[in-house]
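**Student:** Below are the chains, spelled out letter by letter.
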Amino acid sequence: MTVRLPVHRVLHLTGTDIVVAAIGRKFLAVNSKNGQILAAPASVLSQIDAAGAQVIADEEFPDATISLFALHPETSQLAVSADNKQVACYDVRTWTRLSSRISIKRASCLSFSKDGGKLLIGDKFGDVYSFKSNDTSDKEALILGHVSLLTSMTLTQDGKYLLTGDRDEKIRVSRYPHAFEIEQFCLGHKLFVSSLHIPAFAPDVLLSGGGDPFLLTWDFMAGKILQQIPLQEADEPVAVSAIVSHPQTKVVAVVLEKSKNVLMFNASNARDLQLLQKITLPTDALSVTFTDEGHLLIALAPRAEGPLVELARYAAGSFTLSQGDALTQQLNAIPTSSDEEMPDFYPTSKLRKTEVVPNRQQKRKENEGGAKGKNKRAKNGKTETAA
Amino acid sequence: MAEIEVAADGVVDPSKLPQKRYFRQRAHANPFSDHQLEYPVRPEDYDWSKHYPAHFPTQPGQQQRFVEFADIGCGYGGLLTSLSPLFPSTLMVGMEIRIKVEEYVHRRIEALREQNKEKAIDEAHSYQNISVMRMNAMKFSPNFFHKGQLSKMFFLFPDPHFKKRKHKARIVTSTLLAEYAYMLRVGGILYTVTDVRDLHEWMVKHLDEHPLFVRMSEDELKDDPCVACVMVETEEGKKVERNQGDKFLAVYRRIEVDPSMDWKGFKPIIGQEGEADGKEAAGGSEE
Numbered sequence: 001m002t003v004r005l006p007v008h009r010v011l012h013l014t015g016t017d018i019v020v021a022a023i024g025r026k027f028l029a030v031n032s033k034n035g036q037i038l039a040a041p042a043s044v045l046s047q048i049d050a051a052g053a054q055v056i057a058d059e060e061f062p063d064a065t066i067s068l069f070a071l072h073p074e075t076s077q078l079a080v081s082a083d084n085k086q087v088a089c090y091d092v093r094t095w096t097r098l099s100s101r102i103s104i105k106r107a108s109c110l111s112f113s114k115d116g117g118k119l120l121i122g123d124k125f126g127d128v129y130s131f132k133s134n135d136t137s138d139k140e141a142l143i144l145g146h147v148s149l150l151t152s153m154t155l156t157q158d159g160k161y162l163l164t165g166d167r168d169e170k171i172r173v174s175r176y177p178h179a180f181e182i183e184q185f186c187l188g189h190k191l192f193v194s195s196l197h198i199p200a201f202a203p204d205v206l207l208s209g210g211g212d213p214f215l216l217t218w219d220f221m222a223g224k225i226l227q228q229i230p231l232q233e234a235d236e237p238v239a240v241s242a243i244v245s246h247p248q249t250k251v252v253a254v255v256l257e258k259s260k261n262v263l264m265f266n267a268s269n270a271r272d273l274q275l276l277q278k279i280t281l282p283t284d285a286l287s288v289t290f291t292d293e294g295h296l297l298i299a300l301a302p303r304a305e306g307p308l309v310e311l312a313r314y315a316a317g318s319f320t321l322s323q324g325d326a327l328t329q330q331l332n333a334i335p336t337s338s339d340e341e342m343p344d345f346y347p348t349s350k351l352r353k354t355e356v357v358p359n360r361q362q363k364r365k366e367n368e369g370g371a372k373g374k375n376k377r378a379k380n381g382k383t384e385t386a387a
Numbered sequence: 001m002a003e004i005e006v007a008a009d010g011v012v013d014p015s016k017l018p019q020k021r022y023f024r025q026r027a028h029a030n031p032f033s034d035h036q037l038e039y040p041v042r043p044e045d046y047d048w049s050k051h052y053p054a055h056f057p058t059q060p061g062q063q064q065r066f067v068e069f070a071d072i073g074c075g076y077g078g079l080l081t082s083l084s085p086l087f088p089s090t091l092m093v094g095m096e097i098r099i100k101v102e103e104y105v106h107r108r109i110e111a112l113r114e115q116n117k118e119k120a121i122d123e124a125h126s127y128q129n130i131s132v133m134r135m136n137a138m139k140f141s142p143n144f145f146h147k148g149q150l151s152k153m154f155f156l157f158p159d160p161h162f163k164k165r166k167h168k169a170r171i172v173t174s175t176l177l178a179e180y181a182y183m184l185r186v187g188g189i190l191y192t193v194t195d196v197r198d199l200h201e202w203m204v205k206h207l208d209e210h211p212l213f214v215r216m217s218e219d220e221l222k223d224d225p226c227v228a229c230v231m232v233e234t235e236e237g238k239k240v241e242r243n244q245g246d247k248f249l250a251v252y253r254r255i256e257v258d259p260s261m262d263w264k265g266f267k268p269i270i271g272q273e274g275e276a277d278g279k280e281a282a283g284g285s286e287e
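Chains as they are written, first to last, in the UniProt record's numbering: chain F, 1 to 387; chain U, 1 to 287.
Just chain F, same shape as in the assembly (with noise of 0.2 Å):
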């Protein structure tokens, strides 16, 4: 069967005019100026005219969906992770691949050193290993770990913290690389965590935004809440995928998983943010990335038709959505059919608890009856594993 990918995730790459787009197994990328196409696997350009585009290898690419970007600036850096435990890192001004290798654990989030020089990645687990960017025989090194599915990190901007979130409402702020030492705990959260961001306007202050239907700012180094800002989306249960800003127009965008509107912040205080818009579109967002001018690029959901990315134009301090972008001309121009299976694009709602689960004397005593003994109890202990 023949779907349409959609771009599920886009990345800008601050000081650049690159924007990298993935598209299920495969990404490409594009002058965020002009749409020109700067790189792409050689599949994708053999369907389309793009002269003077950077070839990419289709055997360069993970053999599983992209799950998540990260970008090291100075290093000119692309890290990927995929589905399959595949992490890679690309070097964005040849496109050629720095390293590549599987990690222990599927990952879930991912975070390069300050310097650009170590990769770290977060998993499932709770755990998160860092290894050299672009050595694949690096040995990974366990830094830190929760008891917990660990769903987000970010470094500081001095890169001597390392904040992670967890699935158990909890963020924690360790040193770092000395990540043995826990300077802090940030609790608020009565949900799940799923989203953390530092702007790069407020280095003191973290965005974070998980299962709760509200946003939380933090003095993070003090633990203490600046402030709690409402997310109301009707009665519907808040998953916050994304929390992105922009540094000179110190705007926040954030996106809420299968929600049709992205929010907007005004964060000039960033420790009293103000609701600015919310831009509604078609269908919900599942990546979103700030341009050089402060635009915002948004990937839409899996349709049958329609464009694959939008652009939020950014003009005396609001946005509107606009066609004929070059960029959205270029990205939605691209041919994303492919006989793969439509992937999962939401596992961001998927991390909230369970309503009420029966203890097992409970269950125990409602089957009772049934067969009793060791046999059963050891089976019913087995099935009651990490979600």
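Do not rely on the hints blindly, as some may be mistaken.
Claimed, not checked - Calculated pairs, DSS-like style, for lysine-lysine (alpha carbon to alpha carbon, straight line, at most 27 Å):
#1 K160(F) with K264(U)
#2 K124(F) with K164(U)
#3 K264(U) with K166(U)
#4 K20(U) with K139(F)
#5 K264(U) with K190(F)
#6 K124(F) with K205(U)
#7 K205(U) with K147(U)
#8 K264(U) with K147(U)
#9 K267(U) with K353(F)
#10 K190(F) with K353(F)
#11 K100(U) with K139(F)
#12 K139(F) with K205(U)
#13 K224(F) with K147(U)
#14 K124(F) with K166(U)
#15 K124(F) with K147(U)
#16 K267(U) with K114(F)
#17 K267(U) with K124(F)
#18 K267(U) with K160(F)
#19 K264(U) with K132(F)
#20 K250(F) with K260(F)
#21 K163(U) with K124(F)
#22 K205(U) with K222(U)
#23 K118(F) with K264(U)
#24 K260(F) with K114(F)
#25 K139(F) with K124(F)
#26 K166(U) with K353(F)
#27 K205(U) with K190(F)
#28 K205(U) with K132(F)
#29 K267(U) with K132(F)
#30 K166(U) with K139(F)
#31 K147(U) with K350(F)
#32 K124(F) with K264(U)
#33 K114(F) with K163(U)
#34 K139(F) with K164(U)
#35 K118(F) with K222(U)
#36 K147(U) with K160(F)
#37 K139(F) with K50(U)
#38 K205(U) with K166(U)
The set of hints was computed from the structure by calculation and includes no laboratory data.
Because the structure is a prediction, the values reported are computed rather than measured.
Let chain F serve as the given structure and place chain U on it in line with the hints.
**Tutor:** Below, chain U alone, put in the same frame as chain F:
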């Protein structure tokens, strides 16, 4: 649920000690699963008065008390009841994940308090300074304790999790030690005892490798009254004694490190479960 002991006249006698045979539960619980647990969002939200009604709320002129000793996986509470009279003005809490065992310890403390209600709050054997909660300490300790709040943590006869793929569930791992170091003040002490040599070696290895802990010598421990308690006062310890088994003690002090220390990270703990496709590329990171 545990049977309630009812006196002949139908009235529950609160001073009667519970009998362990009514509170048995299998020795294992999965620390990774979502148990139904009640925990505060943050330590300052927790109401300790239900645990220490004699100490909370603080009376005018009384010094604010807080828990300083934590017995992680306290089992049937033998350590708490033996430490209580040795440190009568120190608050101690036991955390136990097994619901019936927690209920036993709760009733045991209630009965001891009832039997000694004529004693002053801070007097030895008033048992007003010990309490227990049903909790998964591996997940939720930071919800209860502030940074540096604890002066002692106890890990006595923890679940050995023998299977290699279960090693990550052990209560002492390199990554969990960061949390214990966060809750322990500098100079605070972490006690471990087990009758399983392999687990002892595991705990020693991970504690030795952790930069924030240093092992205490026998000489340093010779005047510590806690050592005798951790070796002989727990139900598990007594059982090992009856069976003439070995008991292994390892005690560590929480220290500070030089911020410029070079640190390369820990070796990954890898189980065998689901490692089939990770093996070849992860290359040799398995033991």
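**Student:** All hints are to be evaluated individually against the structure, with a verdict given for each.
**Tutor:** Hints, one by one, checked against the model:
no.	hint	verdict
1	K160(F) with K264(U)	15 Å, holds
2	K124(F) with K164(U)	19 Å, holds
3	K264(U) with K166(U)	25 Å, holds
4	K20(U) with K139(F)	49 Å, violated
5	K264(U) with K190(F)	34 Å, violated
6	K124(F) with K205(U)	25 Å, holds
7	K205(U) with K147(U)	25 Å, holds
8	K264(U) with K147(U)	25 Å, holds
9	K267(U) with K353(F)	31 Å, violated
10	K190(F) with K353(F)	11 Å, holds
11	K100(U) with K139(F)	44 Å, violated
12	K139(F) with K205(U)	20 Å, holds
13	K224(F) with K147(U)	14 Å, holds
14	K124(F) with K166(U)	16 Å, holds
15	K124(F) with K147(U)	26 Å, holds
16	K267(U) with K114(F)	23 Å, holds
17	K267(U) with K124(F)	18 Å, holds
18	K267(U) with K160(F)	22 Å, holds
19	K264(U) with K132(F)	11 Å, holds
20	K250(F) with K260(F)	23 Å, holds
21	K163(U) with K124(F)	21 Å, holds
22	K205(U) with K222(U)	23 Å, holds
23	K118(F) with K264(U)	12 Å, holds
24	K260(F) with K114(F)	34 Å, violated
25	K139(F) with K124(F)	20 Å, holds
26	K166(U) with K353(F)	23 Å, holds
27	K205(U) with K190(F)	36 Å, violated
28	K205(U) with K132(F)	26 Å, holds
29	K267(U) with K132(F)	15 Å, holds
30	K166(U) with K139(F)	23 Å, holds
31	K147(U) with K350(F)	31 Å, violated
32	K124(F) with K264(U)	22 Å, holds
33	K114(F) with K163(U)	38 Å, violated
34	K139(F) with K164(U)	21 Å, holds
35	K118(F) with K222(U)	45 Å, violated
36	K147(U) with K160(F)	19 Å, holds
37	K139(F) with K50(U)	49 Å, violated
38	K205(U) with K166(U)	17 Å, holds
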